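> Protein chains in written order, with my numbering: chain A, 58 to 501; chain B, 1239 to 1533; chain C, 40 to 319.
These are computed hints drawn from the structure, not numbers from a lab. Just so you know, these numbers come straight off a predicted model, no measurement behind them. The beta-carbon is built from N, C-alpha and C at its ideal position, and this holds for glycine as well. Keep in mind that the hints are not guaranteed to be accurate.
[To be verified] Straight-line distance between alpha carbons at most 20 Å, and here's what the computed SDA-like set of lysine to any residue pairs gives:
1. B:Lys1371 x C:Gly68
2. B:Lys1244 x C:Glu212
3. A:Lys368 x A:Ala237
[Stated by the list, open to error] If you anchor each label on the Cβ, the simulated ranges turn out as follows:
4. C:Pro92 x A:Pro410: 37 to 47 Å
5. A:Ala304 x B:Lys1392: 23 to 33 Å
6. A:Lys486 x C:Phe58: 42 to 52 Å
7. A:Glu394 x C:Ile298: 47 to 57 Å
8. C:Val71 x A:Asp228: 30 to 40 Å
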Amino acid sequence: MKSKMLKRLLASAVMGTMIISLAACGKSGDEKSSDADDSGKVVLDVINYHVGTDYAADYYSYLFEEFKKTEEGKNVEFNFEEIPTTDAYNQKIKLLISSGDLPDIVFNGGNNITELAAKSGKVADLTPYFEEDAQWKALFDDTSLEFNTVDGKIYGVPVSKEISYIYYNKDLFKQAGIDAPEVAFASWDEFFAACDKLKEAGITPVGMDSADSGWLTNLWMSALIGTAGDAGNEWMNTMYPTDFNTAEVEKAAETIQKMFKEYTTADAVGGKYDPMATHFFNGEVAMFPNGPWMIPDFSQEEKAPEGFYDKVGIMLMPGNGMEMVPTPGDMVGATEEDKIKAAVAFLKFETTPENQIKALEMTGLQPVSNNLDIPAELTESDPLMAQVLEIQNKAEVTYGQNQAYWYQNTIDTFSTELPELAYGNITPKEFCEKLTQSAEKNQE
Amino acid sequence: MKVKNKGFWIVLFTMPCMILFAIVYAAPIVTVIYTSLCDYTTFSGPEFSGLKNFMTIFGDAEFLTAIKNTLVWVVLQSTFHVSLGLVMALVLRRKPAGWKFVRTAYMIPNIIPTAATGVMFTLLLNPTFGVVKPFLETLGIEVLQVPNLFGNSKYAFWTVTLTWMLYSGFNTIIFLAEMGAIDKDIYEAARVDGAKPWQIDRYITLPLMRNIFGTCVTLASVAMVSQFDIIYMTTKGGPGSTTLNLPIYLYKAATLENNYGKANAVGAVQIIIGLVLVLFVQYLFREKGEKKEGR
Amino acid sequence: MKQTSGTVIFTSKVVKYIFMIFFVFIAVGPIVWAFISSFKTYAEINSSALSWPSSFNLENYKAAFKFAPIAKYFLNSVIIVGCSVLVTVALVAMCSYIISRFEFKCKTLIILLISASLMLPAQAISQPLFAIFQKLGIFDTKLGLIIVYSAMGIPMSFFVMTSYYKTISTALEESAYIDGATFLQTFIHIILPLAKPGLVTIALLQFINTWNEFYFALMLTSGDTARTVPIALNYYMGTFANNYSALFAAVVMTVLPTILVFIILQRQVMESLTAGAVKG
Chain A
58 MKSKMLKRLL
68 ASAVMGTMII
78 SLAACGKSGD
88 EKSSDADDSG
98 KVVLDVINYH
108 VGTDYAADYY
118 SYLFEEFKKT
128 EEGKNVEFNF
138 EEIPTTDAYN
148 QKIKLLISSG
158 DLPDIVFNGG
168 NNITELAAKS
178 GKVADLTPYF
188 EEDAQWKALF
198 DDTSLEFNTV
208 DGKIYGVPVS
218 KEISYIYYNK
228 DLFKQAGIDA
238 PEVAFASWDE
248 FFAACDKLKE
258 AGITPVGMDS
268 ADSGWLTNLW
278 MSALIGTAGD
288 AGNEWMNTMY
298 PTDFNTAEVE
308 KAAETIQKMF
318 KEYTTADAVG
328 GKYDPMATHF
338 FNGEVAMFPN
348 GPWMIPDFSQ
358 EEKAPEGFYD
368 KVGIMLMPGN
378 GMEMVPTPGD
388 MVGATEEDKI
398 KAAVAFLKFE
408 TTPENQIKAL
418 EMTGLQPVSN
428 NLDIPAELTE
438 SDPLMAQVLE
448 IQNKAEVTYG
458 QNQAYWYQNT
468 IDTFSTELPE
478 LAYGNITPKE
488 FCEKLTQSAE
498 KNQE
Chain B
1239 MKVKNKGFWI
1249 VLFTMPCMIL
1259 FAIVYAAPIV
1269 TVIYTSLCDY
1279 TTFSGPEFSG
1289 LKNFMTIFGD
1299 AEFLTAIKNT
1309 LVWVVLQSTF
1319 HVSLGLVMAL
1329 VLRRKPAGWK
1339 FVRTAYMIPN
1349 IIPTAATGVM
1359 FTLLLNPTFG
1369 VVKPFLETLG
1379 IEVLQVPNLF
1389 GNSKYAFWTV
1399 TLTWMLYSGF
1409 NTIIFLAEMG
1419 AIDKDIYEAA
1429 RVDGAKPWQI
1439 DRYITLPLMR
1449 NIFGTCVTLA
1459 SVAMVSQFDI
1469 IYMTTKGGPG
1479 STTLNLPIYL
1489 YKAATLENNY
1499 GKANAVGAVQ
1509 IIIGLVLVLF
1519 VQYLFREKGE
1529 KKEGR
Chain C
40 MKQTSGTVIF
50 TSKVVKYIFM
60 IFFVFIAVGP
70 IVWAFISSFK
80 TYAEINSSAL
90 SWPSSFNLEN
100 YKAAFKFAPI
110 AKYFLNSVII
120 VGCSVLVTVA
130 LVAMCSYIIS
140 RFEFKCKTLI
150 ILLISASLML
160 PAQAISQPLF
170 AIFQKLGIFD
180 TKLGLIIVYS
190 AMGIPMSFFV
200 MTSYYKTIST
210 ALEESAYIDG
220 ATFLQTFIHI
230 ILPLAKPGLV
240 TIALLQFINT
250 WNEFYFALML
260 TSGDTARTVP
270 IALNYYMGTF
280 ANNYSALFAA
290 VVMTVLPTIL
300 VFIILQRQVM
310 ESLTAGAVKG
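Produce the complete structure using the sequences and hints provided.
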């Protein structure tokens, strides 16, 4: 009995060692840093987070395939690392920024990555490439490029614009006897009058949340600030604000508190995006702020009841306001000349007018270039998208939102303090003070 | 004990362990301690700055809350949670009907990935469509507003605590193994002497569990000092700082403020708190045990 | 008199079973719930926690395979966790035996080092480890993760095992030495067999602890060769695009085989208990 036990133990120990040495041998041949293989191809390392259930997964696999068919791309091979979720992706990129090498093409997952990467000196200055190719540069407006500029140098190539507005449920509006405005409610007073009417009819007026980053609530709050006169609008268009105790922000926080208490679902506090979206799909909530990427969901039978697409209307925020921010652009982490060239070629390909339209079609991402010719088939097959393209030109004021403009930790403070605000455990003023303190931590 | 070549065997038997340790932990321990004294961010290398980071964190009310929450969880976990595992082991030891099933079932929560557990709890406790409302209704409690267990700071701390406190299968297994090692003759003798079951547990089993109880307490406290995943998946330390603990605070300093120096200062505090706890628990549980063995 | 003691036994039995049933319920509840939810649609999951799925079809299971390389990652998990369990158990069996039996100079130092490592925050370890692993050429290999996981498992297993060795009487060893047995013979022929329940226990614990590890699996790998199940689960989560149905389907598929491993390993632990069954 004892010797049997011993044999078994020894056997497993030996096996363990063997497996380990096997694993070690198996890997040593696979050198990742091989520059170009025999056929003279350029190998680009890419970390891709548009995988799995990501909204743009199909679009990006299309893009990589198509690129290899182009003149510049035919000699390029991609070496992919997949990292699902932007959260995990950003963690890895930050690790690479601080103690490793960045991939040759650095997709931008937000999180102020552009600034961190630029300051680390591990991404290429793309200004010369823009200067060299005036036609390419003309695709972008100044705001978009400025947004991707650090210390006077352009590091990121923005691939889209982010806009958001209000989706509303036409049936519920009718039920409450409200005539939905053509473009937007003229003022927040009118907006809240409509909310009261909805409430009287037993309908929850708005969708809100607080978990993760409090996305929906952030859109409401940005709108409240961004449409509050010139001062508010300027504040909401400022990168990295540090003073949240301005009249407009405090007023907005007060309104948010009221909205949590009176106009939204019980699970909004502490709630995540998905159940809130489902409330809207199920016709339990009348108004829901979000962007064009949500449109495909309306006709997905998994998510929304049949025919829901036709019930959805679109309007701007009260006072003809619309959130619009340039997106943080994709960067080049390659260090060798031929790789940098190939990576830049890919970024150019990613931003051709054709591919911007393809992205719009496949993901709902808004083109970064203004005045592109959108093919009629697209607008006909997707009337809501057509409406989005049209209504955005009617916006009189545009402003940013916290995920694009605020410090990372301040967004987090926003999300964790929202419930306290909602339950009245802190006053709107205290809420803003917390945000101020949090933003100031970045100045230490 | 008298052993030939004692020194040789000590080295040979502890070396492999220590080498593996050195590979994985040596550099990190040094790095954490050193960089906690530095200005160090995502994009700039460490530069010595003395105790600045420690002054910063100890001047931050949230950090003190994080320490307080961490310690409360340590106390709860090392008392209630560990005892629960012990009670379960005592029950299962006598092999009541279905004990095999219970034993395995009680372990299952430990192998469900945290990502899924987090989603599960947030959905199950959702105030509009979760289990809370029907549960209260079954109990006959009328409430105007269904408590929002994760969202309201009144309940959040206890809700988060409950996501792990009752799942003590880990300890049950450890205790069961230890009980298996007890000399069977002692039990037999006690039974012959007419001792009642609870007397056997009270006067024979429990005293013999002293050592392993100490171990379980050590492990439980240490696990609480570094508890992260489930908090991150459910509340991220909120509402406010109700469920903020040291690892979450550290995570936020590192990934949201990009301040590695500060994060590692928190790490250093975490290590020190952990070490003090380990030594304290070992001291608590050693005294008598050591004397009794009296080798 | 007899009557009352009968009632007492009966009540204590009832209490015992209520206790057991309650904990089985809260333990099994979640996985049963996940199983049921794995058949629900997005809308059903996000609008009611207690309803039945509208139909029991395998769509979500298909989706689980479509979105993530779950089978491959599962195999990786089995290999990596399996090896780390073997390594940890082997090393700890030796190391903690020494600690539990002998007094020597560096003993306290070793214990302190091991304790300290328990507390090291993953975020702090990842950077230096990343650099070291790249130098050693074990970045993005199964071996790399096996090394980290084995080391991670040492402290916990160490404490449990040291305590277990202390329960084993030294008398047997003493007499073996008197009979002229060497240290190694004594360890292998006398100690290890006695320590088997403890060893199986730490194997179980090590398995549980590493099976769900996410952070290092992400940071120390860059491709499919060494990635594990927890990372596969992230494929179902995306901003505005969580697919909880597929997530739960994947959870069910990966948890069920592990429960089997469990049952087998636990049988081993219990063998030793069987001998000492105490009735009543």
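> Any hints from earlier that this structure breaks? Give me their numbers in increasing order, please.
none
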